[in-house]
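The primary structure of each chain is shown beneath.
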Amino acid sequence: MPAIFTVDPHTGVPIYLQLIEQVKRSVALGVLAPGERLPTVKQLATDLTINPNTVARAYRDLERDGVIETSVGRGSFVSQNGAGDRAAAALADVASSTVDAAVREAKSMGLKRGQVREIFSKALERWYSPDGDAKEHNRS
Amino acid sequence: MTIALEAPAIDIRSLTKSYGTSVAVNNLSVAIPKGSIFGLLGTNGAGKTTTFKCILGLAQLTSGQVVFGGNPLRPEMFESISYMPEQPALYSCFTGRDHIDIARHSFARFDVARVQNLVALFGLDLRKKVRTLSKGQQSALALTLAFATRPEILVLDEPASGLDPVHQRNVLDLMIDAAAGGATVLFSSHQIGQVERAADHVAILHRGNLVLQGLVEDLKAEEKIVEATFEGDAPSFTELDRNPNVRRVMRQGRLVRAYVTGTGDGVVAAITAASPTSMRILDQNLEDIFLAAVGGK
Numbered sequence: 001m002p003a004i005f006t007v008d009p010h011t012g013v014p015i016y017l018q019l020i021e022q023v024k025r026s027v028a029l030g031v032l033a034p035g036e037r038l039p040t041v042k043q044l045a046t047d048l049t050i051n052p053n054t055v056a057r058a059y060r061d062l063e064r065d066g067v068i069e070t071s072v073g074r075g076s077f078v079s080q081n082g083a084g085d086r087a088a089a090a091l092a093d094v095a096s097s098t099v100d101a102a103v104r105e106a107k108s109m110g111l112k113r114g115q116v117r118e119i120f121s122k123a124l125e126r127w128y129s130p131d132g133d134a135k136e137h138n139r140s
Numbered sequence: 001m002t003i004a005l006e007a008p009a010i011d012i013r014s015l016t017k018s019y020g021t022s023v024a025v026n027n028l029s030v031a032i033p034k035g036s037i038f039g040l041l042g043t044n045g046a047g048k049t050t051t052f053k054c055i056l057g058l059a060q061l062t063s064g065q066v067v068f069g070g071n072p073l074r075p076e077m078f079e080s081i082s083y084m085p086e087q088p089a090l091y092s093c094f095t096g097r098d099h100i101d102i103a104r105h106s107f108a109r110f111d112v113a114r115v116q117n118l119v120a121l122f123g124l125d126l127r128k129k130v131r132t133l134s135k136g137q138q139s140a141l142a143l144t145l146a147f148a149t150r151p152e153i154l155v156l157d158e159p160a161s162g163l164d165p166v167h168q169r170n171v172l173d174l175m176i177d178a179a180a181g182g183a184t185v186l187f188s189s190h191q192i193g194q195v196e197r198a199a200d201h202v203a204i205l206h207r208g209n210l211v212l213q214g215l216v217e218d219l220k221a222e223e224k225i226v227e228a229t230f231e232g233d234a235p236s237f238t239e240l241d242r243n244p245n246v247r248r249v250m251r252q253g254r255l256v257r258a259y260v261t262g263t264g265d266g267v268v269a270a271i272t273a274a275s276p277t278s279m280r281i282l283d284q285n286l287e288d289i290f291l292a293a294v295g296g297k
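In order, the protein sequences belong to chains R and B.
Our numbering puts the first residue of the first sequence at 1, with every later residue one more than the last.
Our numbering puts the first residue of the second sequence at 1, with every later residue one more than the last.
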């Protein structure tokens with residue numbers, strides 16, 4: 001299995017959080033299917049050249065969040081039931097805090113409410129199809 | 001969170017090492033968990049090499065003790081401990097093959113098949129005498145010998161020095177592979193990026209003193225910079241100096257920058273109350289954290 005995840009160890013964002021977000025993203029988007037096997041801790045640590053305990057920590061948190069399941073001797077798998085929904089909900093949280101931070105940043109730069117709203121409208125136009133929600137990427 | 005269920009692989013307790021009146025390592029206490037990759041960072045002369053020598057009994061401790069899995073160091077343990085000094089201990093007029101032959105007869109755990117893999121990995125020419133090898137090739141030979149016994153504990157002083165980027169990455173992969181197999185790795189490096197990648201634990205020494213230690217991931221999550229600008233000169237924020245979560249505050253004209261650990265809520269509130277024109281919270285990578293800890297920037 002090729003390394004489907006990438007991390008940047010040299011940022012201030014902990015590597016295990018980067019991994020958690022990527023696994024959740026992959027599950028939410030269906031890149032990882034329910035029941036699909038994840039690389040072992042050792043394999044992923046070696047593939048990405050990162051500490052095995054860091055990978056194990058990410059897997060423990062993903063298990064706690066119900067996104068993956070681990071059985072001793074068999075490895076880790078994407079949960080069969082509801083993993084996609086849980087991952088999608090978690091990603092919505094990530095998106096929400098990203099947007100929140102962007103608005104805070106814009107405010108701190110002295111932008112007025114109307115200016116920020118205009119920026120958002122433009123971004124929405126750019127990234128979302130004009131036909132509305134129906135045609136947008138649908139998670140299955 | 002790592003839960004320590006077993007004795008640390010290496011437990012350094014109040015280690016002090018003085019040379020005459022000069023203190024090389026001052027009251028160092030660090031526990032290195034089994035299966036961890038522990039990175040020791042510090043500027044030149046911080047006491048890293050002295051610490052390694054004291055751990056391995058190559059220098060006598062002035063005070064304190066070092067305990068391995070609950071036991072003091074005994075000669076038979078050297079079978080399962082590999083040490084790579086900063087200057088690889090190699091015989092200049094012997095070939096790589098000679099060194100491997102010596103090591104094979106010295107260590108029962110010596111794994112010949114593994115040596116072949118390592119030699120191929122580093123592209124070593126074993127027919128060459130050590131004195132004709134480049135610094136990087138000498139390091140590669142020393143690393144080959146260090147990993148060939150599949151040791152339980154590896155103590156590596158600047159293991160990647162002199163190596164090209166490809167082989168530097170190979171060294172990290174070897175350390176990661178060893179730790180994934182349950183071995184414990186203690187290493188020093190001037191290349192913070194290597195520690196950031198491979199290590200789970202880090203300790204920062206500065207002039208013989210331990211100035212910071214912890215999980216790399218937790219330090220990154222905890223150490224933040226709150227930066228704000230003001231319309232005129234930034235207020236003095238003297239109250240922040242009393243805040244235990246504030247490491248230091250830097251003021252320069254309209255700009256104020258607070259180095260914060262743990263929750264920065266109090267700091268954000270204090271700065272917000274002074275009506276800044278902008279405020280942001282910045283992450284710190286390990287290099288930022290290191291430089292702040294040793295007072296470099």
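Mixed in with the good hints there might be a few duds.
Claimed, not checked - Cross-link-like lysine to any residue pairs, in silico, SDA-like; alpha carbons within 25 Å at most:
1. B:LYS128 to B:ASP111
2. R:LYS107 to B:PRO165
3. B:LYS53 to B:PRO235
4. B:LYS135 to B:GLY182
5. R:LYS42 to B:LYS128
6. R:LYS42 to B:ASN27
7. R:LYS42 to B:SER14
8. B:LYS34 to R:SER108
9. R:LYS107 to B:GLY193
10. R:LYS107 to B:VAL112
11. R:LYS107 to R:ARG86
12. R:LYS42 to B:GLY193
13. B:LYS128 to B:GLY182
14. B:LYS34 to R:ALA101
15. R:LYS112 to B:ASP111
16. R:LYS42 to B:PHE122
17. R:LYS112 to B:SER278
18. R:LYS42 to B:GLN191
19. B:LYS34 to R:LYS112
20. R:LYS107 to B:GLU152
21. R:LYS42 to B:MET279
22. R:LYS42 to B:LYS53
23. B:LYS129 to B:GLU152
24. B:LYS34 to R:LYS122
25. R:LYS42 to B:ARG104
26. R:LYS107 to B:ASP111
27. R:LYS42 to B:THR272
28. B:LYS34 to R:GLN43
29. R:LYS42 to B:ARG169
30. B:LYS128 to B:ARG104
31. R:LYS42 to B:ARG74
Quick caveat, the hints were computed from the structure, so don't treat them as lab data.
Hint check results:
1. The suggested pairing of B:LYS128 with B:ASP111 holds, with an alpha-carbon distance near 22 Å, which does not exceed 25 Å.
2. Straight-line distance between C-alpha atoms of R:LYS107 and B:PRO165 comes to about 43 Å, which puts the hinted pair past the 25 Å bound.
3. At roughly 49 Å between alpha-carbon atoms, B:LYS53 and B:PRO235 are farther apart than 25 Å, so this suggested pair is violated.
4. Of the pairs offered as hints, the one joining B:LYS135 and B:GLY182 is violated, with about 30 Å between alpha carbons and a cut-off of 25 Å exceeded.
5. Between R:LYS42 and B:LYS128, the direct Cα distance comes to roughly 35 Å. Violation of the 25 Å bound is thereby established for this hinted pair.
6. Only pairs whose Cα atoms come within 25 Å are accepted, and R:LYS42 paired with B:ASN27 is rejected, the gap being roughly 36 Å.
7. Restraint check: the Cα-Cα separation between R:LYS42 and B:SER14 comes to about 34 Å, which exceeds 25 Å; the hinted pair is violated.
8. Taking the CA atoms of B:LYS34 and R:SER108, the gap is about 46 Å. The hint is violated against a cut of 25 Å.
9. Under the criterion of a C-alpha separation no larger than 25 Å, the hint pairing R:LYS107 with B:GLY193 is inconsistent with the structure, at around 34 Å.
10. Distance restraint check for R:LYS107 and B:VAL112: the Cα-Cα separation of roughly 64 Å exceeds the 25 Å cut-off, and the hinted pair is therefore not satisfied.
11. Between R:LYS107 and R:ARG86 the alpha-carbon distance is near 32 Å, which puts this suggested pair outside the 25 Å criterion.
12. Note on R:LYS42 and B:GLY193: the hinted pairing holds, with a Cα-Cα distance of about 20 Å set against a maximum of 25 Å.
13. Distance restraint check for B:LYS128 and B:GLY182: the Cα-Cα separation of roughly 34 Å exceeds the 25 Å cut-off, and the hinted pair is therefore not satisfied.
14. Proposed proximity of B:LYS34 and R:ALA101 is contradicted: the alpha carbons are some 39 Å apart, above 25 Å.
15. Our distance criterion of 25 Å between C-alpha atoms is broken by R:LYS112 and B:ASP111, whose separation comes to about 68 Å.
16. Distance check on the hinted pair: R:LYS42 and B:PHE122 sit about 22 Å apart at the alpha-carbon level, within 25 Å; holds.
17. Using a Cα cut-off of 25 Å, the hinted pair R:LYS112 and B:SER278 holds, with the two alpha carbons roughly 13 Å apart.
18. The hinted pair formed by R:LYS42 and B:GLN191 meets the criterion: a straight-line CA distance of about 24 Å does not exceed 25 Å.
19. Taking the CA atoms of B:LYS34 and R:LYS112, the gap is near 55 Å; set against the 25 Å cutoff, the hint is violated.
20. At most 25 Å may separate the alpha-carbon atoms for a hinted pair to count; R:LYS107 and B:GLU152 exceed this at roughly 54 Å.
21. About 41 Å separates the Cα atoms of R:LYS42 and B:MET279, which puts this hinted pair outside 25 Å; it is violated.
22. For the hint linking R:LYS42 to B:LYS53, the alpha-carbon distance of about 31 Å lies beyond 25 Å, and the restraint is violated.
23. Restraint check for B:LYS129 and B:GLU152: the C-alpha separation of about 29 Å exceeds 25 Å, so the hint is violated.
24. Of the supplied pair hints, the one linking B:LYS34 and R:LYS122 is violated, its CA atoms being roughly 53 Å apart against a limit of 25 Å.
25. Between R:LYS42 and B:ARG104 the alpha-carbon distance is near 28 Å, which puts this suggested pair outside the 25 Å criterion.
26. At roughly 62 Å between alpha-carbon atoms, R:LYS107 and B:ASP111 are farther apart than 25 Å, so this suggested pair is violated.
27. For a cut-off of 25 Å, the pair hint linking R:LYS42 to B:THR272 is broken: about 45 Å separates their Cα positions.
28. Proximity of B:LYS34 to R:GLN43 is assessed by CA-CA distance (about 20 Å); at most 25 Å being required, the pair is judged to hold.
29. Between R:LYS42 and B:ARG169 the CA atoms are separated by roughly 16 Å; this keeps the pair inside 25 Å, and the hint holds.
30. Straight-line distance between C-alpha atoms of B:LYS128 and B:ARG104 comes to about 18 Å, which keeps the hinted pair within the 25 Å bound.
31. Our distance criterion of 25 Å between C-alpha atoms is broken by R:LYS42 and B:ARG74, whose separation comes to about 31 Å.
When each numbered hint is compared with the structure, violations occur for hints 2, 3, 4, 5, 6, 7, 8, 9, 10, 11, 13, 14, 15, 19, 20, 21, 22, 23, 24, 25, 26, 27 and 31.
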